[in-house]
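A.B. asks: Protein sequences, first through last, are from chains A and B.
To convert, note that position 146 of the first sequence is 145 in numbering that gives the first Met the number 0; the numbers rise steadily by one, no gaps.
To convert, note that position 9 of the second sequence is 8 in numbering that gives the first Met the number 0; the numbers rise steadily by one, no gaps.
There's no promise every hint is true.
As the list claims (entries may be wrong) - Below, in silico cross-link-like pairs of lysine-lysine (PhoX-like), each with a Cα-Cα straight-line distance of 20 Å or less: (1) A:127 <-> B:140; (2) A:62 <-> B:140; (3) B:121 <-> B:220; (4) A:62 <-> B:54; (5) B:54 <-> B:84.
Unchecked claim - Covered by chain A, per the in silico footprint, the following chain B stretches (three or more residues, Cβ under 8 Å): (6) 116–123; (7) 126–134; (8) 138–152.
I should point out that these hints are in silico values taken from the structure, not numbers from a laboratory.
Values in this document were obtained by computation on a predicted structure and should not be read as measured data.
Even glycine gets a Cβ: it sits at the ideal position worked out from N, Cα and C.
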Amino acid sequence: MKPGNRLLKEKVPNHTKQYAPGDERKEIWTQSLSVIMGRWLFLWKGSDPVIFIEQAKKIFQTKNGPVKAVDDINLSVQEGEIFGMIGYSGAGKSTLIRMLNGLETPTEGSVTVAGRTISTIKGSELRKARQEIGMIFQHFNLLWSRTVRENISFPLEIAGVAKAERNKRVDELIDLVGLNGRGDSYPAQLSGGQKQRVGIARALANNPKVLLCDEATSALDPQTTDSILELLVDINERLGLTIVLITHEMHVIRKICHRVAVMEEGKIVELGPVLDVFRRPEQPITKRFVQQVTEPEESKETIQHLLAEHPDGKIVKLTFVGVSAEQPVVTELIRSFNVGVNILQGKISQTQNGAYGTLFMQVTGDSVEVAKAVAFLDAQQVDSEVITYD
Amino acid sequence: MIEQWFPNVDWEKMWEATYETLYMTSISVVITFILGMLLGLLLFLTSKGQLWENKAVYGVTAVIVNVFRSIPFIILIVLLIPFTKTIMGTIIGENAALPALIIGAAPFYARMVEIALREIDKGVIEAARAMGASTWTIIQKVLIPESLPALVSGLTVTAIALVGYTAMAGVIGAGGLGNLAFLDGFQRSRNDVTIMATIVILVIVFIIQFIGDTAVRKLDKR
C-alpha cells in the first residue's frame, strides 16, 4: 500500500487525541485510548498502525540512584507517517527510539513494531526483526574500511542475500539517494551530507517497514540538512515508508513531520499534528521549541518596536495555518474596505500539512472602516489579533 | 674487505643462525597472532558495556594476561622448562623455544588487540547490531576490519619484540643469532661475530618494520 499525502492528512488527525495538559488522569486515559483504538484498528484493518508503545518505562540504575529515562509512554504510529519526537538532550527520546529496534529493552511495558513484539523477542528472531527496521544516526556510523558500495551492501550480507542480487540492489539504492559515481569512494572521501545519504541507502537496503532517524541531521549544516530532509520526504512518499525521527531542532519537525510528540523528563508532554502544535503550543517547553522557528519576528521586543514606530491605525497580527495561507486575504481586505494596509513584517513556513506563518500589518484610515476591516479578518479562516501596548 | 673487518665470521654458520631466528620468529608470530586475537577479543567483548559483558571472565583473563606479560622473558623460559619438556619432548633447539616465545608474546599482543578494538567507534558496532548482525558477524565484518591497521601495527611491534626474545632464548640453547652471538662471539671474545649477528638482527627488524608500516598505510582508508 502506498498512502499518498492527502490520505495521510485525513487519516492522521482522527487518531490523535488532543488532551488538556495538567490533567494527568485525562492525559493517560486519552493516550491509552488512542493506543487501544490503534490496536483495535490494527486487528480490524490488518495494516494501519505499524508501531505501538504501551506503558513503556526504562529505568537506568546509576551511581546516583535510579533514573527514569522513559516514563510510562503510550504511543502509536501509523503506517506511512513521518512521526517526530522533539526534546532536549536527556529527555529520553534517544532511549525511546532505541526501544523500537531492541537496542534498549523497556524495564516495563511493551513495544510492537511491524507486528513483532520487539520488547520480548531475543536472539535470531530479534535479529530478523531488526532487518526490517532501518536506522540512521547523527554521526552516520559508516564502516571506514568499506567503500560506499560495500557499506550499502553490508545489511544485505547480514540478511544472506546472494552476491548478484546484492549488486543489483546496491545499484538501485545508490541511484535512489543520488550518489551515482561515488560507489567506490571511501567514507573519508565524502562530505557529511553524502555520508548520511550512504547511511540512508544502507538503512533502506532490506526494504524495511520503518526507518528510525536518530538526530540524523544534527551534525549537518542547514543547507545539507534541508537536502537530507527532502530525501526523507521523497522516500516516505515514494515507498510509503514509516519514519520515526528524534531531534532537538523544531525546524526538522516543521519541515517534514506529520505528527510530533514533545518529550520532557521521559514523558510525552504534548502530542498532535504538527500544525496544531505550532498553532497552539500548550506546554512552556513546546512554546520554546516553536519559537525556535518563529523567532525573532515575534519576540516581544519587535512587537513593542512596531507599536512605537506606527502609532496610527491598528496593528494586526495574522496567523495563517494550513490552507488559508494561500488565500488572498490581504487583497480581499484592501478591495472591500477603504483602508490603507501597510505590511510590517511576516514569515510563512511550509510544513508537511500546509503553510504556517504570521504576518504583521498596520491598518490605517477612518476608525469605522478599520473596525469593519478587523471584523472581516475575524470572519476569515485566519487567526487575527489586534495588538496593543501591554 | 668484509673478510678483513669480520675475520672470524663463519658465513655458513651465520646463515644457519639467521634461518633459525627467522624460523622461531615466524612460527611464534603466527601462533601469537592467533592466540593474542582470541584473548584480545575475549578481553574486549567481556569488558564493560560490550556484547558479552562479564566481570568474572574479564577479571580472570585480565589477571592471566597481566601475570604473563609481567614476568621477565628470561625468567619465563626457565619457569617453563618442565612445561616445554612435557609438550615438546626437549629443552634444546628452536622448537623448544616456541612455547616460551608464544606464552611470553601472546598476552602482550592480546592487550594490543584489546586497545585496538576499543578504538573502534561504538556507533559502528551499534549500527551493525541495529541491522540485525550476530556477534560472529560483528567480529568478522566490523571489529576485525575496522581495527585492522591497529592490529597490524601491534603485530609489527610484537614481531620485533619476538626477534629480541629469540636472541634471549638463544643464550640458553635455542639456537639462532642470539646463540651465535653469545657462544661464538661473547664467550670466545670474537667481537666481529657479535657485531655481525647484531647487524643481521637489525636488518631483520628493519624489514619487519617496513612491511608493517607499508601494510598499515595500504589498509588505512580513514
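A.B. asks: Which hint numbers doesn't this structure obey?
C.D. replies: Of the numbered hints, 2 and 5 do not hold.
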